[in-house]
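Undergrad: Heads up: the sequence lines are chains A and B, in that order. Sequential numbering of the first sequence, starting at 13, is according to our numbering. Sequential numbering of the second sequence, starting at 772, is according to our numbering.
Please note that the accuracy of each hint is not assured.
[To be verified] To give an idea of the chain B side of the interface with chain A (calculated C-beta under 10 Å), a few residues:
#	residue
1	V842
2	L845
3	W846
4	P848
5	A857
6	V1000
7	L1001
8	G1039
9	F1055
10	T1081
11	V1100
12	V1283
13	L1286
14	P1306
[Claimed, not checked] For each label pair, taking beta carbons as the anchor points, the in silico distance ranges come out as:
#	chain 1	residue 1	chain 2	residue 2	range
15	A	R122	B	A1090	17 to 23 Å
16	A	Q129	B	R976	22 to 28 Å
17	A	G78	B	F886	32 to 38 Å
18	A	P88	B	G1130	42 to 48 Å
19	B	G1255	A	Q129	50 to 56 Å
20	A	E52	B	D1028	53 to 59 Å
It should be emphasised that the hints constitute simulated quantities derived from the structure, not laboratory data. Since the structure is predicted, the reported quantities are computational estimates derived from the model, not experimental observations. Backbone N, C-alpha and C fix where the C-beta goes; we use that ideal spot for every residue, glycine too.
Read off the chains here:
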Amino acid sequence: MGDVPGRVVRTRVVLGEAAGRRPGADSARVELAEQTDIGEALVKGLVRAQLALAVRLSLVVVAGLGALPLLFAVAPVVGRVEVAGVNLPWVLLGFLAFPFLVLVGWAYVRWAERNEQDFTAVIRGPEA
Amino acid sequence: MNPYVVPGLVAVVLITVGIGVYGLRFARTTSDFLVASRSVSPAWNAAAISGEYLSAASFLGVAGLVLRYGVDVLWYPVGFAAGYLALLLFVAAPLRRSGAFTLPDFCEVRLRSGFLRRLATVFVVFIGCLYLVPQLQGAGLTFTTVTGGRYEWGALLVGLVVTANVALGGMRAITFVQAFQYWLKLTALAVPVVFLLLHWQADGRPAVTPPAGPAFSSATTVVVQQDAVLDDNRTVHKGDELTFAAGDPVPQVSSVDRNDGLGWLLPGGNASLFSTYSLILATFLGTMGLPHVLVRFYTNPDGASARRTTLVVLAMVGAFYLLPTLYGVLGRVYTPQLLMTGQTDAVVLLLPEAALGSGHLGQLLGALVTAGALAAFLSTSSGLLTSVAGVVFTDVLHSTHKTVRDFRLATVLAAIVPMTLSLYVANMDVSRVVGLAFAVAASSFCPLLVLGIWWRGLTDVGAAAGIVAGGGAAMAAVLVTVMGPPLHGWFAQLVEQPAAWTVPLAFVVMVVGSLLTKRRIPADIGATMLRLHAPESLRLPG
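The shape of chain A in the complex, shown without the other chains:
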């Protein structure tokens, strides 16, 4: 019930297009989004940076894991290499694949958080 006055204010200022939107908690976010074109450009930059990071790391996985079936098919001799008495495909798929995936995930979390910190610093400005 407490958000009814907020809704009245919102509809008067932002016109019909926002009427369907839920009032209340969203309003701070909406104001940030509708502030300026610069704000919009900053958000686009953040999305682009995060997407580029995700795509780059998934290419690492495609190269590291996704290429293996092709490699085994093109060069069957790879499958006969033995590491400590175990054939290489078993070592790669049964063991090494898992730490590799965790390592890529760890790198992603680190860099994605750094991107967000940079974004926050720009939005907040020097006083923050």
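Let chain A serve as the given structure and place chain B on it in line with the hints.
TA: Using the frame of chain A, we list chain B on its own:
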């Protein structure tokens, strides 16, 4: 019969119900039931997600596939784990920030379309059932293998325990139950495997792929499961008992497909490049579209913690998947009779006693893996039921004042169909159906989530067209595979492993459909993108 099995199973059920009842003390409002009031710590949450995810297909099916087919099927565990990396890279944080609790919610938040929401509901229920039925079946089959009792009792017992637990405790209780069950499942595979490896070492490391083909390690009596022809042209009938001495070769049985020797040891044994890549695509991209996985992300307090939770899940799930492969490999030495009966999914259950003998150690470890298998059925079906019930509750019942009683009704409704189906469709192949559920999820919700989160141009019409084309094609392929006649040749590959063509189809249709309907891009797309990608700390001024 092993005297430790029944006390072990009873203990798992009692602890599950016990934690559920304990959780009931916290579950007061409907919001407690649905999202655990978002007060679950990342460590608990990651263990709960992992516990929920490691189903019968992971606990029993992977080892069974390795026993039967060898190195080619290692892509199943790798893909099941890698799915969480794809989820982490493209979905985890933005999905949490969207505030969506279910996939239909996400459609509403991102595209503001009621039609798309209903379409997503259909797919959630379909994928949920497709995944739930084999869990209950697996429970029934394990029950038969271990106790000799009737299949129906096992399926019904697990179904009822799960329904009661979800209806009474909701997700808060389920979080603790699932976290407990992750550690139980890990222990249940990790402890016996240490003893098994020591035993194999003490045995003088018998060869896994002897040059003359697999051989019995001890005197064994095999009961034939189906009429078939052996490789020495002997005809055998269902129920025949064949006796073999230690060292005898394991005959090929015409009714059981398997790889031997180099075909088992080296890649390319029986899988074509197409079906391998199709499997990779389905498992890598399907995880993010499984309804019971996404629901969990709402219990993280913010996007950054959703990301960290996913990383912990990746590590936990990866650690688990190191183990089933070892069971499959050692099963080649100690339980080769499964290659004749075709019941390779039972290798995890039978291996401890087969290798270590039926003394106290073998029996105790046998009971431990059986308890772990029960945990696998219980946790995955609880998670699935919670998410399907959540969708039924919000999108089908349309209850205006959402009460706890309505959620309980939704749970019972969501449980009836899969439980009934599991009684009547006993012959469906467990691990294959689970793989097909991944293919449907990868061809419907994966493109919706990835394009919805990263591309401003997605429209409701484009999204719906992509889901209908890709997801619908995958759904049709699933129905043909499960219920249709046996297929042959390249067409069979296209239908049995559909992801390699249905996933690209869904993406292409979604993009083209959106480009053709540019006018329908939501007017508040800028605000939505900000909400999905900006850190929560920026939402409030100052």
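Undergrad: Work down the list of hints and note, for each, if the structure agrees.
TA: Tested hints:
Hint status for B/V842: holds, given a least beta-carbon distance of 5 Å to chain A, under 10 Å. Given hint, B/L845 at the interface with chain A, holds; its Cβ is 4 Å from that chain's nearest Cβ, closer than 10 Å. Because the smallest distance between the Cβ of B/W846 and any Cβ of chain A comes to about 7 Å, under 10 Å, the interface hint for this residue holds. At about 8 Å, the closest approach between the beta carbon of B/P848 and any beta carbon in chain A falls short of 10 Å, and the interface hint on this residue holds.
The closest approach between the C-beta of B/A857 and any C-beta of chain A is roughly 7 Å, which is under the 10 Å cut-off, so the hint is satisfied. A distance limit of 10 Å between C-beta atoms decides the matter here; for B/V1000 the minimum to chain A is near 32 Å, and the interface restraint is violated. With a cut of 10 Å, the hint placing B/L1001 at the interface with chain A is violated, because the nearest CB-to-CB distance is about 29 Å. For B/G1039, the shortest C-beta to C-beta distance to chain A is roughly 6 Å, which falls under 10 Å, so the interface hint holds.
Given the 10 Å rule on beta carbons, the hint for B/F1055 holds: about 8 Å separates it from the nearest Cβ of chain A. Interface hint status for B/T1081: upheld, as the beta-carbon distance to the closest one in chain A is roughly 7 Å, under 10 Å. Because the beta carbon of B/V1100 sits about 8 Å from the nearest beta carbon in chain A, less than 10 Å, this interface hint is met. Proximity of B/V1283 to chain A is violated relative to the hint, the smallest CB-CB distance being about 20 Å (cut-off 10 Å).
Hint status for B/L1286 relative to chain A: violated, with the closest Cβ pair at about 19 Å, above 10 Å. Taken as an interface hint, B/P1306 checks out: its beta carbon lies about 5 Å from the nearest beta carbon of chain A, inside 10 Å. Under the hint 17 to 23 Å, the C-beta atoms of A/R122 and B/A1090, about 21 Å apart, fit the expected range. The hinted window of 22 to 28 Å between A/Q129 and B/R976 is violated, with their beta carbons roughly 52 Å apart.
Judged by the Cβ atoms, the range 32 to 38 Å given for A/G78 and B/F886 holds: they are separated by roughly 36 Å. Taking 42 to 48 Å as the suggested C-beta distance range, the pair A/P88 and B/G1130 conforms, at roughly 44 Å. About 54 Å separates the C-beta atoms of B/G1255 and A/Q129, a value consistent with the hinted range of 50 to 56 Å. The given range of 53 to 59 Å is respected by A/E52 and B/D1028, whose C-beta atoms sit roughly 58 Å from each other.
Checked against the numbered hints above, the structure violates hints 6, 7, 12, 13 and 16; every other hint is satisfied.
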